[in-house]
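Trainee: Here is how the chains run, residue by residue.
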Amino acid sequence: MSEVLKVSGLEKRYPAFHLENVGFTLEKGRIMGFIGRNGAGKTTTLKALLSLIHPDGGQIRFFGMDYEGSERQIRQRVGFASGGVNYYPRKKLKDITAVTKRFYDSWDEDAYRACLKAFALDEEKKPMELSEGMKVKYNLAVALSHKAELLILDEPTSGLDPVSRDELLEIFLDLAKTGTAILFSTHITSDLEKCADDITYIKDGKIRESSSLNDFLGAYRMLEIPSGVPVPEAALGVSRSRSGASVLLKAEDAAGLPARSADLEEIMIHLEKEKEEE
Amino acid sequence: MKNLLIKEFRLAASPLSYFFLAFSLMVFIPGYPILVGAFFICLGIFYSFQSGREQNDTVYTALLPLPKRAFVQSKYIFTAAVEAAAFLLMTAFTLVRMFALGSSEVYQTNPMMNANLFFLAYVLILFGLFNLIFLGGFFRTGYYFGKPFIVFTVAGFLWIVLAEALHHFPGLAWLNTPAPENMGRQLAALAVGLVLFVLMTLLSYRGSVKKFETIDL
Chain A
1 MSEVLKVSGL
11 EKRYPAFHLE
21 NVGFTLEKGR
31 IMGFIGRNGA
41 GKTTTLKALL
51 SLIHPDGGQI
61 RFFGMDYEGS
71 ERQIRQRVGF
81 ASGGVNYYPR
91 KKLKDITAVT
101 KRFYDSWDED
111 AYRACLKAFA
121 LDEEKKPMEL
131 SEGMKVKYNL
141 AVALSHKAEL
151 LILDEPTSGL
161 DPVSRDELLE
171 IFLDLAKTGT
181 AILFSTHITS
191 DLEKCADDIT
201 YIKDGKIRES
211 SSLNDFLGAY
221 RMLEIPSGVP
231 VPEAALGVSR
241 SRSGASVLLK
251 AEDAAGLPAR
261 SADLEEIMIH
271 LEKEKEEE
Chain B
1 MKNLLIKEFR
11 LAASPLSYFF
21 LAFSLMVFIP
31 GYPILVGAFF
41 ICLGIFYSFQ
51 SGREQNDTVY
61 TALLPLPKRA
71 FVQSKYIFTA
81 AVEAAAFLLM
91 TAFTLVRMFA
101 LGSSEVYQTN
111 PMMNANLFFL
121 AYVLILFGLF
131 NLIFLGGFFR
141 TGYYFGKPFI
151 VFTVAGFLWI
161 VLAEALHHFP
171 GLAWLNTPAP
181 ENMGRQLAAL
191 AVGLVLFVLM
201 TLLSYRGSVK
211 KFETIDL
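Protein sequence lines, in the order shown, are assigned to chains A and B. Take 1 as the starting number for the first sequence in our numbering and just add one per residue. Take 1 as the starting number for the second sequence in our numbering and just add one per residue.
Please keep in mind that the hints were generated in silico from the structure rather than gathered at the bench. Just so you know, not all the hints are guaranteed correct.
Keeping only pairs whose Cα atoms sit at most 20 Å apart, straight-line, the calculated EDC-like set for lysine to aspartate or glutamate is [as the list claims (entries may be wrong)]: (1) K210(B) with E68(A); (2) K203(A) with D263(A); (3) K211(B) with E68(A); (4) K203(A) with D161(A); (5) K194(A) with D161(A); (6) K210(B) with D56(A); (7) K68(B) with D105(A); (8) K68(B) with E109(A); (9) K126(A) with E54(B); (10) K94(A) with E68(A); (11) K147(A) with E109(A); (12) K2(B) with E68(A); (13) K92(A) with E54(B); (14) K2(B) with E129(A).
Which residues of chain A face chain B? A partial, calculated answer using Cβ under 8 Å [to be verified]: (15) I53; (16) G58; (17) F63; (18) M65; (19) R75; (20) Q76; (21) F80; (22) N86; (23) K91; (24) I96; (25) T97; (26) V99; (27) R102; (28) F103; (29) D166; (30) C195.
A virtual CB, placed ideally from N, CA and C, is assigned to each residue, including glycine.
In isolation and in its complexed conformation, chain B is listed as follows (with noise of 0.2 Å):
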């Protein structure tokens, strides 16, 4: 695992996916739909999968001595790997958010998604999302990557803007608290956003795994 993860790094990846990073930082944007930033990371890992083709990353893969099954284990690792980067970075920026900035007035009459676990547990939601709908397309063919992003892309937003909604619906505006407050829903919520981001995951990679065995390359 340790060296696909490398070869990763080192062979396949863009640098955009790592640049992409950067955009966890939207966490700060008051006014603004920061469940965005989670997107952008995950256009990030996409120009990895653009430049892991043209390399022929799939090819070099193949032929070394691993199982088949290898290739896709070295995308979903790295895909994890960026998304819990990313993850790590929103939370930490989040938690920045809610216990020192959480009382200011900017955040307090923001009229966006605040960042709070709330939205943590959206944004691990549309991490699954990715891994579901992008990889698990991709690897149908090994190849396509174009559709498989573009349904991404409308699962996605269409996500954002339910997320982006949830808090305006009658009885919901706790959802989106600034501030460390209802902390035990907070982490259910989180927790159950973890729990779909790994069945998702899980989902997909066993059905890519499946699909990639019987390609011909």
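With the rest of the complex left out, here is chain A (with noise of 0.2 Å):
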């Protein structure tokens, strides 16, 4: 599989908060779900891809190009979108849309139409009466006009409906088909599980793990102990409840033991609990 993007030895430091060694690879028609609680570092990472903020070390390769000096020609080829259009709120959609395309090289003003059409886009309306849904789905008819061949999305199912989840989750497994990597991040674990090839997981600015969705749930299971019985030493992290506690075990670890798999929102949850036990 050809490398879409590669990351590697990422960092950022802010005052409060670092971005430690991040690094990951995504490839073509994958979809990366990055995940990780509030303040993990997921925008953080992400604004530094596109160079929205300055990384203070690392590396990060496009299509096997370096992103310094090839800004201009990786810019066409990346769509990116922070949740909804979120910007010119009270100017019309086909006025926005006349001045992006005129950036674009590659813009298709034949798939732009079929988006509108498929994603039901009225272009006669301004971004501030758009749903949540249909600001997301604009800034996805813009990219796929563009060709984009990567997409990184912040977010783009926070505010979003069940139902208009699923649909842009259909819609991310349609674009991986014909070839579009997706990396987005999310803390609505449930979408992964949907949609996602691979897993990115950061904590605290670190990346805890990268891999793909099987192997990434392989490696936990979840155990459920009753109220009073000891937690097993190689716990990586508990959650208590009402009737006792839930561990979370490394797989290899959880041999002989009444153990099920677990799902990623628990991992993540388990995960996270791991700081308050150490």
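Got two chains here, each in a separate frame; can you build the complex from them with the hints?
Mentor: Shown next, in the form of structure tokens:
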């Protein structure tokens, strides 16, 4: 498979936060879910990818090219959206598009018209008149019309109702089939179970894990223990409930125990608890 | 460059930037500090910066397939375009006032600044100060424009007061001629004004590009 995005050793220091040695690889036609709790560094990482913020170190390569020196070429092939369209709220979509398309060499007007139709977008409307879902769809329509080969989306499903989220995820699946790579951050882990091929999990500014969804899920087991029963030493994280507690274990540590498979949300919640236990 | 200018005109700019071009007509007002008209042009441009910030123009531009400095370029091109339009209007009105109305009593006895090529040089210097102080100040953060505009207002009005006062200094009354007299001196002053405008704008632009590159959006 061809490499679309490779990030290695990415660093960004703020007074109260440090993005440290972030690295992952995304390949063509794959959907990567970028997960982590609020403030873990997801948005900082995504912004650093497109130089909206300046990394203090590390290397970012798109389509095998360094960002530095190939910025314009890379930007032509990448679509980025932070949620829905959040600019020029009082301008009509057709006016925004009329300006935007002037900057893209590969703008495909037919593809744009097809997207408008498929997403039921009315060009006469203004961003302020669109629902959150429609705002995301407009951003996607623009990205797809300049034939973006990589979509970087910061929490595109936040604020969407379940039906709109499902529609959007199906769009992602269709896009991936055509070879588009998608990197999207979210803390709604159920979205990823539906469509992600890969998971990159960031915690406190560090990449805790980056692997295929199946490998990620397969690496952990959940153990339910009643109140009063001691927590196994190998526990990665513990979440208390009324009847006892749930414990996250590494799959190899759960051998012989009545553990079950864990879903993404459980893994994330328990790994975040890890800090509290330390 | 053309696309950036279209982006400014169609999406980011405030209509006030265009409406305020009408203040160029202040050139015709006798007994009034007509250089204030050029200040209003700057105020009109300021409204576009306000409008752009409110509309998230920075992020939109930063995500276009352009280098980061394109945002800085777009603002300088837009500002220079509005200033050029205002300057052309003021030049046309000044020439009308000098050549067709210069002998009228109301301008002959005008105690305030008359419209001539010296006045146009003052206009260029005021625009240069705006580019140097306001634009340069805005791009230190890419976001805050209040303080840079206040600093420009103070500097701009000091310049207006000085320019108004100049022809009252002994031996400088010729600066205020309402007619096409001393054209050599008038043209030389205009050239100096133009050079200062270009220098202040270029100095400001270079500093803004350098500073904006380091800003996290």
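Trainee: Hints the structure violates: just list their numbers, smallest first.
Mentor: 4, 8, 10, 12, 14, 16, 17, 18, 25, 29, 30
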